[in-house]
Amino acid sequence: VGHFVPGGVAIMRLSRGDRITEERAVELLSAIDIGPTRTMQQDVEFGIVQIVDIALRAMSPAINDPTTAISCVDQLGCILIRWIGRVPPRSYYFDPPHVLRIAVPWINFNGLLDLAFEQIRHYAAADAAVSLRLMRALGDIASTVSDPALREALAERGRRLLAGCAGRIEENDLQRLRRRLFLLEAGVAQEDAVAAP
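Residue numbers for the sequence shown, in my numbering: 1 to 197.
None of these hints come from the bench; they were simulated from the model. Heads up, a few of these hints could be off.
Ranges between beta-carbon positions, derived for each pair [to be verified]:
id, residue 1, residue 2, range
1, 36, 144, 52 to 58 Å
2, 129, 85, 25 to 31 Å
3, 82, 36, 25 to 31 Å
4, 62, 140, 27 to 33 Å
5, 86, 3, 15 to 21 Å
6, 178, 93, 44 to 50 Å
Glycine included, C-beta positions come from ideal geometry on N, C-alpha and C.
Start from the sequences and build out the full structure, keeping to the hints where you can.
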């Protein structure tokens, strides 16, 4: 849903396409809405990219507006928390059972997490306020995740955030970041201990 596709690039592939009638091909193509621009209503990734772009512009030396970047991180955190609460759409459709008919390449949580935070993490490495808020957002998201692998993925991103800031922000801010990472990792470890049989 909502991907940019250059003209001339296939948007679907059919196995044994020789069995598809002209009427069936028209029916399949009618299930796809093609337009000149991506929309947030149909494409959560596009909305996230727009918020990330605002955050990156706010952190640029020409603008230097960490408050706006922090607000963007807050909104991205809220979006990811809502995403976690959703039942993920099916990626594979079988008919009859064990015969794959359709494969839909949905973005997964890790992909969405990277899309939302990786560029901001990179450009905020020398900005203590934005980095601290990003670590807090990771902790907020982790507190809503029940899957141990996803919680660990959030903790790993926290470790990367801290490593990127090392030597680039003042030591007292780095200590605050370490404390937030400790809380994030402690929450992950505590949840894992509770979940272990």
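Okay, the hints, checked on the actual structure:
1. 36 to 144: 52 to 58 Å: violated (36 Å)
2. 129 to 85: 25 to 31 Å: holds (28 Å)
3. 82 to 36: 25 to 31 Å: Holds, at about 28 Å.
4. 62 to 140: 27 to 33 Å: With Cβ atoms ~30 Å apart, the hint holds.
5. 86 to 3: 15 to 21 Å: Check passed, 19 Å falls within 15 to 21 Å.
6. 178 to 93: 44 to 50 Å: For residue 178 and residue 93 the Cβ distance comes to about 46 Å; the hint holds.
Hint compliance for this structure: hint 1 is the single one not met.
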